[in-house]
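Assembling the complex is the task here: the two chains are given apart, and the hints tell you how they should meet.
One-letter residues, chain by chain:
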Amino acid sequence: MDDELLADFMVEANEHLADIENQFLAIESSGADVDVDLVNEVFRGVHSIKGAAGFLGMKVVNDLAHSLENILNMMRNLELTPTSEIIDTMLKAADQLQGLIDDIQNSNDIDVSQHITALEAIASGSVASPATATPESVETPQEQTPAVDDIDLEKQFEEALAARQAEQTQEDPEEPQPESPAASAPAAKANDTKKITTAPEASIRVPVGVLDKLMNLAGELVLGRNQLMQAVASSEKIGLDAIASRLDQVTSEVQASIMQTRMQAIGSVFSKFPRIVRDLSGKLGKECDLNITGKEVEVDKTIIEAIGDPLTHLIRNSVDHGVEMPADRLRAKKPEAGTMNLRACYQAGKVRIEIEDDGAGIDPNKLKGKAVEKGVITQEQADHMSDREAVRLIFHPGFSMAAKVTEVSGRGVGMDVVRTNIVKLGGTVDVESVVGSGTNIVITLPLTLAIIPSLIVQSNNDRFAIPQVNISELVRIKSSELESRIGRIKNSEVLRLRGDLLPLVRLEDVLSKTSASEANEEQTDESNQNNSRAVNILVLDTGQQRFGIVVDALHDSEEIVVKPLGRHLESCPCLSGATILGDGHVALILDVAGIAAHEQINSVEEEDAMELEDQLSNESEKERQYLLLFSNQESEHFAVSMDVISRIDRIRTDQIDSVGGQELVQFRNSTMSLMRLENCITAKDATLAERLNVIVFEVNGKEVGLVTPRLEDIREVTTAIDTETFRERGVIGSMVLEDQTTRFIDLFEIAEVAHPEWFVNREVVVEQDDQPPLILLAEDSNFFRKQVTTMFEERGYRVVGCEDGLVAWETLQSGQHEFDIIVTDIEMPNMNGFELADRVKQSSEWGHLPVIALTSLGGAADVQRGIEVGIDDYQVKMDRDKLLASLQNFAGTKAGNNRVLQTT
Amino acid sequence: MTTTLLEKPELETSEQQFATFYVGDMLLGIDIRQVQEINREFEVTLVPHAPDYVRGVINLRGDVASVINLSTILGLPEVELAKESRNLIANYQNESVGFVVDRISDIVTLRSDQIAPQSSSINGVEGKYFSGVFAMETEILVILNIEEVLSGNCTD
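Sequences listed follow chains B and V, in order.
Residue numbering for the first sequence follows the numbering used here, beginning at -18 and increasing consecutively.
Residue numbering for the second sequence follows the numbering used here, beginning at -2 and increasing consecutively.
One chain only, chain V, in its complex shape (with noise of 0.2 angstroms):
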């Protein structure tokens, strides 16, 4: 039996862990390694003629790190912060990266093959934001593209 147990995840694909949340209704995952912290930094220093979607920058212990206003990239309506918001600081490219987030959920271990490929289009987010999707019990868990998520070519 410990021999199943052992085999199965090497003979399927890997285990991937997700830091899962929400912005606005959608349940929204991304790779846990790419998560670096979870804060309530809200405070940010406004950037002028930055792109629409950076809400601004904050100090993140000595660096500067850009806070991107997830809902805004997605085409999502604006949330307003409440008190489970929260901005969860990604490492993409050695780059801190803040997302404001409505509210943590769980981690999700999932394996490769549990997740289904998503081209089209969900709750009106482009497709192309997505790198697949997760049926859970009671809902969707969309896993983000965070390349694409961070391109900065957002179509709106």
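Excised from the complex, chain B in its bound form (with noise of 0.2 angstroms):
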């Protein structure tokens, strides 16, 4: 058989069948009503599928494109009303064609009579029970189609035709020709002009205007090119600006007008959902009209030709998880049949594509519990997620969000595929949803993959192009910042940007290394070595992870044209091809899901980062505390509380003078002894650099200072502090910071370990034979209510301890204790110390009674608020020093009246 006419007519068959679906729905909605003239439309197509497929001996496609004909034939003399189980039939028929032509070859072998004896079951029930005529359609065509009477003589001039010609096939294989197109002609017209025919080899319908715009431009480049050549061979090179300039429009016109070639209409894809959405919501018994709005936008062709799946899966998604059932929606007060939208629109040199339902929409703690018991996410990570985040679940692999799986969806694979396939195209997709009002999924898209914005960065010597798609932001990290900003966790870099932790790699590391399991040791210690200057981050995002890479460099942006690799770079993990830049050289273009990949960087690992990142600082609500971070020796990590810092110095080595035993520092003309910590407790000796830092704290009014060979980060920590395992004289507890144990340490302990005689005078407070006062104490962390129970039972105050506000108060009330003085915590569950200390000032028993409030660092706020409520006093917590004076001041004035206080 001749494969070239095979071909041809297979092309032309796909154009007759591509808008049938469509027009059997058209047919169906007008219902008894027919639209003769969209009837005889299809007819036509079919017809000319049947005759050419009767010539070409294709005996199957020929009988079944004849038995639909027949139904077609009647509906169009009036003889049949379209009814949704008749469309249901035909539309079946008509995949199977499709089928059928897609192979072709070997479609003489199917079994379609099923099909033909469903058809003739119509064509002949039918005849039994004739539909009632009506006389004309009153609708106007939308498209113009040559009078029934032409068509009429048309079809019999073809059927002469075709009889004539199955008589010669063997002779005289080309003269089918004329027929086909005479017949498809009008049909061809009424299709979408540009659409894209899944033809063996892959054709593209371009407008005659581009074509023509194209040769203009090619004359103008000929013409600019004979300038150019008369400039360069004249000895002045004269008018060599206006020459290149004039070029280089020219060129960027020629570029877009090409791609102009490429673009199609997104409506070739959107004109196949009406169909699913009728036959699935009919499947799930559901109603559902689908509104399709943007059909024109124009996007290029690989990304037509790539986004059909996503958005088929998208559509089926809304039907089957969005619209309820028609008896919910009644419930619900929303009209019976649901309603989706489809836009398409143009947005930012970008595509936009939603889809809209108006359905029951995402519940977010329905996903959250499914993501928890799926072990998607933690508990933990549930509770501190917004509904939105919460939503874009969806998005995570091997998430199914089917409450049930159902034959449509839910199969465990889907959302994330969508995503990860619009990834590749280097869109992004997003999800909002209100329960109970409906779901909106929005797609962006570029217009074109052939020409991508990138950025060039440089590694080593050699320059890479990263797409803009992919780059979040750029950060750059100045050397100073460098320790604060780049962490470590476990065996891989963060980079902290602004309360986030990003896992972090190298672009040298990534290019030089074979994977990532391998040579992480080695490269660690090198990369923090390297660490001595500012360094460039860009911050990518594939849609699934978003992490950081160090570049040595940044250059220009550049709109690049994307070249493939040869076969044998195929392999290559991190590129996605290559591109000529400016100068003549390549440049390679990173695939940064490839690296993300290739560096097993997964969400996952985002999780353990975010994880520890709650451990960190974000685990409650309630005590965060501000710690400076340091350490001694490789191995021995400290961490003092900011709040009683009072600065951080640095000076040199030499600058350290040692008199009688102690350390002192010379500092602006005055001396501060300095106190090392491995005099005063368990630890290592310091190696010390020539420069070290010095924290200085207040003690009696006093400045000391402690040695800090390295400081390594301030951390907002919460308080889950050990108090038991290193507990020593001027060690509070420990806790582990990023996998490393960390002492905390009491500076007012260290320096009276260090220094006892500052405080002999201070032991006794009160006076042995007499009551000492009484202090209510109200805090809710149980490592601070000890800690400041001790500190007050040390200095001889009794102390009564409660968790929060609330029992505070009801302490108070019970009358059990007399009270002399209350301290409180501001942030504390059930009542906060503001309340608390509005409801004992207001009082008319406690009212008179002295109240200090603890702050983890005082805000300014939090001081105006207290003075209103008749805070006496704000203290830091762990500044006990002035806490302490401040105790005995109120104590001894206010309350103590009938005692007298040792205040020596």
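Any given hint could turn out to be false.
Unchecked claim - Simulated pairs of lysine to aspartate or glutamate, EDC-like, Cα-Cα distance not exceeding 16 angstroms:
#1 K544/B <-> E123/V
#2 K544/B <-> D60/V
#3 K73/B <-> D92/B
#4 K683/B <-> E730/B
#5 K863/B <-> E849/B
#6 K80/V <-> E40/V
To be verified - Which stretches of chain B does chain V cover? Using the computed rule of at least three CB atoms under 8 angstroms from a CB of chain V, they are:
#7 547 to 557
#8 567 to 577
Claimed, not checked - One-sided excerpt, in silico: chain V residues whose CB lies under 8 angstroms from chain B:
#9 L43
#10 V44
#11 P45
#12 A79
#13 S82
#14 S128
#15 A132
#16 T135
For the record, the hints were derived by calculation from the structure and aren't laboratory data.
Note that CB positions come from ideal geometry on N, CA and C, so glycine has one too.
The structure is reproduced here in structure tokens:
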């Protein structure tokens, strides 16, 4: 058989079938009021398929087309009223027909008798009960088609022709050509002018206007070249600038026009959705209207081809999970039929596609529950997750949002695949949902994939292009901030960015090592050493992962033309192609998703980081503290509360004087006593560099310094402190930060250990024979309650501790104790410090009691509010010196009138 | 006489022209129809994670072509680039691939019956890379099997 002829047939048949679904659906919707012109048009399409198939010996295609044609014939003669059932059968037959044509070589071996029988049943059934004839369609046909009479003539002519041709098949295979185009012309016109044919050899329709424009531009290019040659040949090189700019302009126009030839209306993808929605909602017993807008939006052919599957999945999902059953909808006071809107529009140089339904929406709490159950996230993460974030969980790999697995979706694969596919195209997908009123899925896609805006970066001496679409921001970290901004979790580096921890990789390492797991150890030390200067970090986003990549230098951003790499380089995981830069050198294009995979950066690791961050700072709303982390030696880590630190000084080692066994440093015309950790607590000797840091704090109005060889970080942490393991004088307890045991230092105790003579005079606060003042302490953190209680008791006070404001209030009311002073934390559950103070001050009984508030770091707003409710004083928790002084002040003057405090 | 001259190639088998070149001490040849150009473009852009026989990529008048170290594939000692080194660009399955060769030699015209089949290895190079050999006056010309060379499954 003539392959070329067959190919022509396939192209043509596909054109006829391309819109047949929507035409059938249109016929269905007009019901008894048959749009004869429309039916005619479909009829002609099917008829020419039949004719050509018969001629080519495609018997099965011929038979099936014939049966379809029969029905259509009856419809246009108003002998048969289209109903949903009939259209159903016809749609199935059309699907089968399409299937036959896609696999035309084997079509004669396929059994289609089931479709033919069904169609014949309709045909014969309808003869018995002729449809109520509606005279003439009043609807204006969308397309201009020849009059009905012409068709009949044409048909007769064609049939005669086909019959004659069938006889001469063997002798003259060229003959059928005139027949098919003649019949197809009107139908083709009716179709959208730009359809992708799924023909064996892909072809594309280009508007003649675009071709004309290209031709003109080609002319201009030639002209420009001639001018250029002349100018170069002339010795003066006159007008080169003008010619260059002209050529530049023409080239850009040529580029734009050529891109335009690849642009296809997105309607060709959208056109299959009405059928899908109809079939699916029918199957599920739902009702659903699909409104499509923006069919005319044009995007690159490659994108049109790739977007079909993801969109189909989303549409099916919306029908299956979004739109509720009619009964449920009525109950929710919504119209019985659900509405889905499929919209496409241009937005900021991209295409935005929205799939919106007015269904039940996605319940974030249900999703969270499911996610926790499946181990996708932890309960803790779920608790902190905003609703919007929770809804995005549907894109998480291996997460199906179907409450029950249905035939349609919910097989555990789905939205994550959709997302991956869209991201591969350089697009993004997001979801918004309001419970009860619907879901909106928004996809953005680039207009083209052939030319992509990129940023050129450098690693060692090589330049690479990174697609702009993947870059979310650029971060430059000064060398002085390196230590605080770049941290380390297990063996990988992380970037601290506005409260987030991002996995960090170095482009150099990515490109040199073969896999992430290998060579991790060697790399890490080295890279740490390289940290001495400022680094440029690109924050990349693949849609699934977000990570930072360290590059050596940043260059321009350019529009680059993507060139494929040869087959030997296809296996390179981190590259997606190459491009040629302005200077003629080749630059490789980095595949951001590939890098993420290669470096084994996955969402899980990100979650680890989140979890860690949680442990560090977010764990609960209650007690947070700013800690200064430092180390004496590699393995020994310490923390002190920022609250008590006056400042941090940097001194040279040779500034330290040793006087009488004490180390001193001359500083701002005064002498400051220095302490070393190893002299006060069990710690290894510090290795002193040329310069070192001194944590300066105040004891009894004197400034004291603690020598800290290496400062590491300032961190906001919760106080999950183990007070047992490392307890000694000077050490409050220990905690684990970033896998390292960190000892929490009490600077005042250290000072006491180092200089007991400073404290001798303050040992006893109250006289032994007298009843010491009784303190009501409200503090929700066990750790702090214990700390403060111990501190007070050491000074001879009596303390009653309560775990929150309410308990304190109740204790006060119970009248069991007669308190002299109230010390309260501000942030507490049930009743906070302000409320407690307010109640106390409002009451007639206890209004006279002084209230001291404890804070982590006194904020001005807090102080203001505190004054309003009558709080007498503010003290920072860890600054025991001042706290005790204040306590003594208030307990001594206001509450302890009858008691004489020994205030030496 | 003219008739015999004319008839000979028809009766025998067709003639083929081979571009010949040296890699190390080996004289190799490939069908001249597969040779696209010969240049001295050695400024390659290195490709991370590429197979070791890929030297890098070059800009070949607007297209990106891979450059391959033939010596690595054949298991010959790697040769330094010298004055006579050339980049021989072959077109294979619509893709331009460059081979680094040490010296370009002549174009040799051979009848197919002059080429002896070769399956055993020569100079330690596996026989699968050769489609035949031809004994010249002083040395042996080895015809490369370019499909096998570029198949990428070199065993080393």
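So, going through the hints one by one against the coordinates:
Taking the CA atoms of K544/B and E123/V, the gap is near 34 angstroms; set against the 16 angstroms cutoff, the hint is violated. Proposed proximity of K544/B and D60/V is supported: the alpha carbons are some 7 angstroms apart, at most 16 angstroms. As the CA atoms of K73/B and D92/B are separated by approximately 14 angstroms, the hinted pair is consistent with the 16 angstroms bound. Straight-line distance between C-alpha atoms of K683/B and E730/B comes to about 15 angstroms, which keeps the hinted pair within the 16 angstroms bound.
Restraint check: the Cα-Cα separation between K863/B and E849/B comes to about 22 angstroms, which exceeds 16 angstroms; the hinted pair is violated. For the proposed pair K80/V and E40/V, the alpha carbon gap of about 14 angstroms is at most 16 angstroms, so the pair holds. As drawn, the segment 547 to 557 of chain B meets chain V at 9 residues by the rule of a beta-carbon pair under 8 angstroms; at three or more, the given contact holds. For a cut-off of 8 angstroms, the count of residues in the segment 567 to 577 of chain B with a CB near a CB of chain V stands at 3, and the three-residue condition holds.
The beta carbon of L43/V comes within 6 angstroms of a beta carbon in chain B, closer than 8 angstroms, and the hint placing it at the interface holds. A hinted interface residue such as V44/V counts as satisfied when its beta carbon comes closer than 8 angstroms to some beta carbon of chain B; here the least separation is about 6 angstroms, so the hint holds. A least Cβ separation of about 4 angstroms between P45/V and chain B falls short of the 8 angstroms threshold, and the interface hint therefore holds. This hint is violated: A79/V has a C-beta 23 angstroms from the nearest C-beta of chain B, more than the 8 angstroms allowed.
Hint status for S82/V: violated, given a least beta-carbon distance of 20 angstroms to chain B, over 8 angstroms. Taken as an interface hint, S128/V does not check out: its beta carbon lies about 20 angstroms from the nearest beta carbon of chain B, beyond 8 angstroms. A distance limit of 8 angstroms between C-beta atoms decides the matter here; for A132/V the minimum to chain B is near 33 angstroms, and the interface restraint is violated. A cut of 8 angstroms between beta carbons decides the hint on T135/V: the least distance to chain B is about 34 angstroms, and the hint is violated.
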